Amino acid sequence: MAKILPIKVTSRAQLGRAGAKSTRSAGNIPGILYGKKTQPTPIQINSKELTAVLHGASSENVLLDLAYTHEGNTTSRLALLQDVQHHVLKDYIVHVDLHEIAQDEVLHTEVPIQEVGESIGVKSNGGLLEKTLRSLRVECLPRDLPEVITVDISALDLDQSIHVSDLKLPAGVTALNSADATVLAVLAPAKEEEAADEGDVKQPEVIKEKKVDPAAADAKGGKAAAKPAGKK
Amino acid sequence: MPLLPKRVKYRKTQRGSRKGFATRNTYIAFGAYALQALERAWITNTQIEACRRVISNNMKRKGKTWIRIFPDKSVTARPPETRMGKGKGAPEYWVAVVKPGNILFELDGIPESIARESMRLAANKLPIRVRFIKRAVPVAAKAA
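Heads up: the sequence lines are chains A and B, in that order. Start counting the first sequence at 1; every next residue gets the next number (the numbering used here). Start counting the second sequence at 1; every next residue gets the next number (the numbering used here).
The set of hints was computed from the structure by calculation and includes no laboratory data. In this text the structure is predicted, and so the values were computed from the model without any measurement. Any given hint might turn out to be false.
On the chain B side, residues computed to face chain A include the following (Cβ under 7 angstroms) [claimed, not checked]:
#	residue
1	Pro-5
2	Lys-6
3	Arg-7
4	Val-8
5	Lys-9
6	Arg-11
7	Phe-21
8	Thr-26
9	Pro-100
10	Gly-101
11	Gly-109
Idealized CB from N, CA, C, for every residue including glycine.
Just chain A, same shape as in the assembly (with noise of 0.2 angstroms):
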């Protein structure tokens, strides 16, 4: 079952972009906590803190127990992990979305799919293992929620494959996807083809409105072929 990891979260005055801006470079990092029965909350968390807890968690979708505070009060929340936003070259948290829910209330998520072992097509017979879902979305509740789900694969051999419902969920844990979604498969090594000469490379075609021909449109007949005419 997947830990559930405690976090101090403090309530935040400063809104929208500038808010945010010097937010962060007070060393916290702006979010937002919301829920069935939460209103939409800025919240700040403190960046250190917040990258401790998920240093060593298995991904980001983890669960939260928050000592939230406000005006001095502090209470105890339990928050999933909502989403959290990276700064696209630099890596560091911009923003976490921090979804409350209660200990009976059925949670939706993602959780990772790992595999376990070696497949023997892959090692004796040179496939190429093709890994289509790498996250399983899940239904459970807090206390059911995997850290991560394992796969079996040394038995795959060539040309087979692990579906959704090949999976061996913990008990209370429902997943979303078909049952018939591919989530692993040993695909036979495939024959490059060779890419055809570059002598000549061809322009690509112009797509162009097709003109209607008066005369082809009325030997066709009908209504709609007379409407364009008479309009003329």
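Given the coordinates of chain A, work out where chain B should sit on it, guided by the hints.
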């Protein structure tokens, strides 16, 4: 053969803007390893093809490659020793607009050392700085 659109609505395009960071095509979607752009550029279809070839040769036909950019913008040029005027030149080559953060290539099904070497060779064919990145592996499985 270098990549090229099959059909286009207009043969000639305006230059457009290349400012800002990439907002799409910024994360690894298919493979385990990727090459990410750190600068902005117009990457030509011949440069993409050169990268594809060098990656394919180094991987010795193992694994799988994804090209995440497509040259859908035509660049025109005037014939040499032509006077100004008389309209825009003819389409000369095709480019993909790349901004910092864009994923260019992805690889899977090979060891990391081969992926790194393939990407290093591909980076030599590009006019911009790039970096090698890899997909995060779940920690619980790492320990197993």
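Hint by hint, here is what the structure shows:
{"no.": "1", "hint": "Pro-5", "result": "holds (5 angstroms)"}
{"no.": "2", "hint": "Lys-6", "result": "holds (6 angstroms)"}
{"no.": "3", "hint": "Arg-7", "result": "holds (5 angstroms)"}
{"no.": "4", "hint": "Val-8", "result": "holds (5 angstroms)"}
{"no.": "5", "hint": "Lys-9", "result": "holds (5 angstroms)"}
{"no.": "6", "hint": "Arg-11", "result": "holds (6 angstroms)"}
{"no.": "7", "hint": "Phe-21", "result": "holds (5 angstroms)"}
{"no.": "8", "hint": "Thr-26", "result": "holds (5 angstroms)"}
{"no.": "9", "hint": "Pro-100", "result": "holds (6 angstroms)"}
{"no.": "10", "hint": "Gly-101", "result": "holds (3 angstroms)"}
{"no.": "11", "hint": "Gly-109", "result": "holds (4 angstroms)"}
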